[in-house]
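> For reference, the chains in residue letters:
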Amino acid sequence: MATHKLVIAGFGGQGVMLMGQMIAYAGMLEGKEVTWMPSYGPEMRGGTANCSVIVSDKKISSPIIVEATAVAAMNLPSLIKFEKILKPGGQLFMNTSLIKELPTRNDLEIYQIEANEIAVALRNDKVSNMVILGAIINKTGIVKQESIEKVMEKLFSGNKAKLLPLNKQALTAWEA
Amino acid sequence: MATHKLVIAGFGGQGVMLMGQMIAYAGMLEGKEVTWMPSYGPEMRGGTANCSVIVSDKKISSPIIVEATAVAAMNLPSLIKFEKILKPGGQLFMNTSLIKELPTRNDLEIYQIEANEIAVALRNDKVSNMVILGAIINKTGIVKQESIEKVMEKLFSGNKAKLLPLNKQALTAWEA
Amino acid sequence: MSEKVLMKGNEAFAEAAIRSGCRYYFGYPITPQNEIPEYMSRELPKVGGSFVQAESELAAISMAYGGAVAGGRVFVSSSSPGIALMQEGFSFLCSTEIPLVILNVSRGGPGVGGIQPGQADYYQATRGGGNGDYHLIVFAPSSIQEAVDMMEMAFRVAEEYRNPVMILADGLIGQMMEPVVLPNPIPDAVREGILKAKPWALTGTKEGRPHNVVKSLYLKPEELENRIMEMDLKYQKAKEQLVRYETNRLEEAEVVLVAYGSTARIAEEAMELLAEEGIQAGLIRPISLWPFPYEAFDKIPEKVKAVISVELSRGQMMDDVKIGSKGRFPVGLSSRVGGILITPPEIAADVKKVLGVER
Amino acid sequence: MSEKVLMKGNEAFAEAAIRSGCRYYFGYPITPQNEIPEYMSRELPKVGGSFVQAESELAAISMAYGGAVAGGRVFVSSSSPGIALMQEGFSFLCSTEIPLVILNVSRGGPGVGGIQPGQADYYQATRGGGNGDYHLIVFAPSSIQEAVDMMEMAFRVAEEYRNPVMILADGLIGQMMEPVVLPNPIPDAVREGILKAKPWALTGTKEGRPHNVVKSLYLKPEELENRIMEMDLKYQKAKEQLVRYETNRLEEAEVVLVAYGSTARIAEEAMELLAEEGIQAGLIRPISLWPFPYEAFDKIPEKVKAVISVELSRGQMMDDVKIGSKGRFPVGLSSRVGGILITPPEIAADVKKVLGVER
Amino acid sequence: MKPVFEYTRGMLPEETTYCPGCTHGIAHRLIMEALDEKGLLGETIGVAPIGCSILAHHYMNIDMCESTHGRAPAIATGIRRVHPDKIVFTYQGDGDLASIGTGEIVHAAHRGERITSFFINNAIYGMTGGQMAPTSLLGQKTTTSMDGRMQELSGKPLRMAELIATIDGAVFVERVSLDSPGNVRKAKKAIRKAIEVQEKKLGFGFVEILSSCATNWGVTPVKALEWMRENMIPYYPLGNLKSPEEVK
Amino acid sequence: MKPVFEYTRGMLPEETTYCPGCTHGIAHRLIMEALDEKGLLGETIGVAPIGCSILAHHYMNIDMCESTHGRAPAIATGIRRVHPDKIVFTYQGDGDLASIGTGEIVHAAHRGERITSFFINNAIYGMTGGQMAPTSLLGQKTTTSMDGRMQELSGKPLRMAELIATIDGAVFVERVSLDSPGNVRKAKKAIRKAIEVQEKKLGFGFVEILSSCATNWGVTPVKALEWMRENMIPYYPLGNLKSPEEVK
Amino acid sequence: MAKGLVKFNEERCKGCELCVSVCPKKIVMLHETKLNSKGYHPACVIDIDSCIGCANCAVMCPDGAISVYQEDVEKSDE
Amino acid sequence: MAKGLVKFNEERCKGCELCVSVCPKKIVMLHETKLNSKGYHPACVIDIDSCIGCANCAVMCPDGAISVYQEDVEKSDE
Ligand SMILES: Cc1ncc(C[n+]2csc(CCOP(=O)(O)OP(=O)(O)O)c2C)c(N)n1
Ligand SMILES: Cc1ncc(C[n+]2csc(CCOP(=O)(O)OP(=O)(O)O)c2C)c(N)n1
Ligand code: SF4
Ligand code: SF4
Ligand code: SF4
Ligand code: SF4
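Residue numbers (this note's numbering), protein chains in the order written: chain S, 1 to 176; chain F, 1001 to 1176; chain Y, 2001 to 2359; chain U, 3001 to 3359; chain W, 4001 to 4248; chain G, 5001 to 5248; chain H, 6001 to 6078; chain B, 7001 to 7078.
Honestly, the hints are just simulated from the structure, not real lab data. Don't be surprised by glycine CBs; every beta carbon is placed ideally from N, CA and C. Some clues are possibly wrong.
Derived Cβ-Cβ restraints for the label pairs, each shown as a range [unchecked claim]: (1) E2003(Y) with E7032(B): 28 to 38 angstroms; (2) N159(S) with P3045(U): 22 to 32 angstroms; (3) K59(S) with E3222(U): 24 to 34 angstroms; (4) P2210(Y) with I4233(W): 36 to 46 angstroms.
In silico DSBU-like pairs for lysine-lysine, Cα to Cα no more than 35 angstroms straight-line [stated by the list, open to error]: (5) K81(S) with K2215(Y); (6) K3237(U) with K58(S); (7) K7026(B) with K7007(B).
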């Protein structure tokens, strides 16, 4: 597909911003056109945080996503807010550790990921976002796994290097 | 003449503003169109103060005087600054108590008034401006003497009433 | 109607504001409008009103907002650099829809500039320097009498539109004296009714009604867009109802002068000079600068050879003259700046230059 | 040229300013540009520069004037309401002819408004709210890369013209990340030469030259007029030399969109949508907003049925579009406001409405 | 069962958007409790600042308006002139009051304006995401002082209560803290007194309320209270600096 | 014959536009004398205010700029950052410094900015023609307080030196007066010390200089000096409020 | 010792634990499993019998989630 | 007593009389008839022999119109 338009949404603190940036970075390493756009400002305090990532072969005119090809919802408010903007047949990634409900639409490709449980199984519940990230790249093909791993190598260097194996592991921990 | 354009200039404190206002007021009482415009702002501190008075039978478009029909100069800097704007044949009133020099132009109708000496003779050197005022109305006919006297009656009322006779006297003290 | 009095423009403006029911004035000294706060400091207490000398123009416009948000008829005056400091406030007042009347007795700029009359605040008044989509409603009187007559209307328009109204005067009509007939004071009953007609005003709930809230922040873009579109409707209505202008001898004209405020008086004298030389000049005098009387330009006969913006600025109103002219005529400029008043002969000369007439 | 990096717009702007030789930054926090002061507070000390968190935007622009009057390359940033507070300062900087670069990462207004991207500061940027005859030179980048590339140019233009230059961005390109190639830092020798090229700067006389004086007040109208006319010459030169714009498919167009900054990117996508429906749309993208590229409009073919101003404001740029169009074409508006970004389909729909095309 | 503590009807039922544990919520409540206890809710007009508490009017059940950043005391002055007999107060953060609004607070005090300013000192800019405030402590890390505030660059933190207390028109000045139940109760007393000062038309009142911002301090809400006790209170001593005879 | 007093070359030969007897002229001269005596004329950058002394640069033989009204301390801050080793000062009136510029002066002090502010307190707005200043005395007639300043309306006069002295970053604060030769000589000493504080990079210095405005007070210049002694000095006590060890 | 009763409005709770930290009897805790609709674990009392009705928890609650009642003193005295 | 000499730059003088008011010997006065080009009566000394060179007049002159000199102390002592 020429243009991936992905929205990742969740609580502030769930690492959704970082997930988006990693994909954008990976896309750039692959020579693609990429944009990343956060939600920002004080409304983040209470509610949800989200970011939009576009990866494309063509010049990107606007980083804002009106119709998404994929959405990752890390909590219920995010699901409610963003399932609406998926194009028909779009891909929806849900963290079912936190979301017990189902989307209202039935024209979507849905992936349910028990991210927290999987992360706990890896002995670190902080990597639940990397579990979802793995699922996204696996199922959308937005960027290649090697690219994300390259990004991880940059991210987890120096005194953070010890976190690298765990994160790489999380990336492939989910099996559909 | 349909339109009188008079500039009165001198030191701050010599009462030039008041002189102009009295003429404008008198003109209004006569049912004429009048404007009065002061110089203003901090430059008054050191230098000269002046005001422009227009009395006319027609609507007055601008209170600023580009070409004056008459100028009253109460000190030397004023003479130098304002003799230039008199129209050919215009009337120039000079307080020769303070100005020992003569204007450079020779196409003017010049009235030399020893105002301070005349005022001192009236036993109050504060009325030197009224002496000049008298000369102006007498020679220009810009407003009638009765009108100025009416203005004086308004001005010197209440506890200032005792100043009225002196001021009226000053008005006619100068004899050409 | 009262009798004619000879008054300095600034004092007449202040007195007219009081007679229009204004009881609150907040200001910071600046030449050439100091007679206004001075007059207000003396006179407002006499009618049960309140004068506060603010610590700055920012504080002045904020106090004014406070007074107006509380339901008062509030008047504010300053001059060019002081008005520049109020831009954030103006934008805020528009966003909160709080009515008040602002007077700019403008002087030469930019920066500190000079203190002589100027008209170089045209952009400032009509396009503003506050952020966002908003407009001040701007009227430009060309005489003390006109200023005084428009004062009560300005308060009424401000309150009807819940939008600040600016009167754009200049040092010339602020400082000069002219005979003027002051309007009668509005009756006490009317004045007291003003507050009642403001159900949004902050007066304390007395626990008898839901609390009133006056706000400017809308974090949800949809809500903010709605607010802006509501305001936009109001501004569209203003464009239909508040346009004010005069024309003079447009039909016979071969050249049209456009001039506002003090300059319009001078332009009229220039028209006479030109007529003496056989050149027929017409005049459009915008009285409302926002909304601008673009429609007046449709009345300009096709034969007109040029439209000339006469202003004490470097071609600021010219933008609106061009928009109004729609490319039908060449647009020229006749201007002096820095506090120098243009003279009728100078305007006439500029006109002749544009027309290519030999001197 | 350095390699591509993925950077947030705000941080890229800050880094580009440093690489352009800026060593002094003064600012007050405001969303959505806080990453700029934050970046500067970390990075400037590392290169021997200085960051001061000012007590307000008024203080920030004043400190900036101080830094620039002393000869420094100074950068200032804020967002819409903060920029409103700087209007007096801008007018003053223009009057004293002190160069610096200002960035407005604009948001929704009026008043406090919202914090999402907006373009409703067009009037503020191009007409200003300072007093008097002056202009900011205004450039509007439509991508992070363009912003970064224009930074050094902005400083050079500011210094050549001795006039503040504003870069008008918005929350969109301030907050987004995009791959960007940062410019190389200007060589130390060049940077050190900048101060020397400012003989007017206040550096202390060392008793070796007459004292330098930087001033704004001219009490004599004649002097002030001369100053303004000198500045006017400079502005005329700017109109000849600084106009920047891009056009796209003007020749084939039956309708022309005019859009700047972020919105231009969206308009380009709309052009494609329209082309799919057989409607040929062209684009004029003003890069310099002042001086505005009026001449671009002369290139619009006569057959064009309408010109449409696409902006995140209620028709502010429309004034310039009208002036440029000179009545040759009807002028329409396509807009969303309040922090909502217009979408390509919305633009396309507006175009079709103006053209009267059935949906 | 008799109620010992019920949420005041001075607060509207709306839930606040403040971060978990943000003591703005306590400060709001105390002011509304004090007004309610005096039967003044219907007689009060409040001015909200620019800062996290810009939406205070969402929560406080009184007539209220927003302000431009820092100008609340000037706005309150305008309101005061129109309503000489109402209670008028401003509620302001340290960016709002101690930075951009310095002139307005000093001159409200200078004029002896009969208003009360509640000054929420949380040593940081909350709403904009944690930049240094004039009240940030030496060594405190903020997003514009990543290595901690340094005296050489930014001076020492400003003590507003002490500064305001030098001004004759400020007749009531007290600093309180919201770090513990005891101090919250004392804060309430100071707020009550400040309102009394206004009821009695004695002059300008100023209550500096030390408050927490766990989010931007980067600690848990409970740790934030500890940080207040360990760092803020020692630098910002609590207590009354000035009180007129009439309310002592 | 040896010279006891010659006009300092720190002042240019230009004649000032100040009113007869205006003590701005004395204040100008003292600062220039002090700088000249220390050989610092070539190393100094001054910032003139908006006020009667806006044209100070016309008279002072040093690099100088004008400022926007009240912002001189912020401007001086910018200059200071570019020239860390120059002497940088502001010269400001009471409208400029104590009214519109309150925020800027407080925060220059708060940051401990290494500049000196010379504050000319003449209890009135001179340039604009005699309006009330924050420093106008109770009962003083001005064009905006025709019946004399009243505490109920406008509060009591602001004592800036005392206010500034509460701020840690202000290390040198002194009030002097130009009413008599003795006090002028003391003023000169304070000015010298303030400059020394800057040379030694110790922090912010503030010298409040009581000055006269015969024109707007409506008295003769000589009476103006008497008025200072009888009315101003009692309310604005002279003396040093703060001085670092290094210059004592 | 007075006898108190604490009521929580769980929907308002943001789980900040200020109440937890100031309870002199250490009987306030966050619910380990329950989540409110905002996604927070709400506070609750684990041993209401020890409650002395001091209202410290309510005084510190920034979100108005706590009400405290006391048995009538007369009654318990009698 | 030291012996002083005072020089006036009459053109700079604005006739404010500050110098007059502070002269301990009361020997400074405005010239009764002379006017300078600004129109002021300039200050002058009426009895230079009484001048003690204290420079009070110069210290108070706002307009830099006064210079003061003193006879060399050694000389006058010898
Ligand atoms: C004129 C203007 N400048 C800056 C801002 C951005 N801004 C919003 S709130 C704020 C300060 C918040 O800090 P504080 O006053 O301490 O309140 P808190 O959020 O910590 O309660 C700033 C700088 C603005 N909205 N308007
Ligand atoms: C923004 C702005 N506001 C107001 C003014 C008008 N103004 C000029 S000087 C001045 C105050 C003068 O008083 P002060 O600072 O005490 O100095 P002085 O003239 O007495 O020496 C004012 C208000 C201005 N020039 N700019
Ligand atoms: S950011 Fe800080 S001040 Fe603002 S709501 Fe959160 S904790 Fe409270
Ligand atoms: S108005 Fe006052 S301060 Fe200004 S020059 Fe005259 S005496 Fe001095
Ligand atoms: S203090 Fe209130 S909001 Fe915080 S945990 Fe306790 S009940 Fe919940
Ligand atoms: S003090 Fe100076 S200006 Fe004043 S009278 Fe004496 S010599 Fe003249």
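> Each of the hints needs a verdict: does it hold here or not?
Comparing the hints with the structure gives:
1. At roughly 50 angstroms, the beta-carbon separation of E2003(Y) and E7032(B) lies outside the given 28 to 38 angstroms, and the hint is violated.
2. Remark: the range hint 22 to 32 angstroms for N159(S) to P3045(U) is upheld by a beta-carbon distance near 24 angstroms.
3. The hinted window of 24 to 34 angstroms between K59(S) and E3222(U) is violated, with their beta carbons roughly 55 angstroms apart.
4. The hinted window of 36 to 46 angstroms between P2210(Y) and I4233(W) holds, with their beta carbons roughly 39 angstroms apart.
5. With a C-alpha separation of about 27 angstroms, the suggested pair K81(S) and K2215(Y) falls inside the 35 angstroms cut-off, and the hint holds.
6. This hinted pair does not check out: K3237(U) and K58(S) have alpha carbons roughly 39 angstroms apart, beyond 35 angstroms.
7. A threshold of 35 angstroms between alpha carbons decides the hint, and for K7026(B) with K7007(B) the separation of about 16 angstroms falls inside it, so the pair holds.
When the structure is compared with the earlier hints, violations turn up for hints 1, 3 and 6 and for no others.
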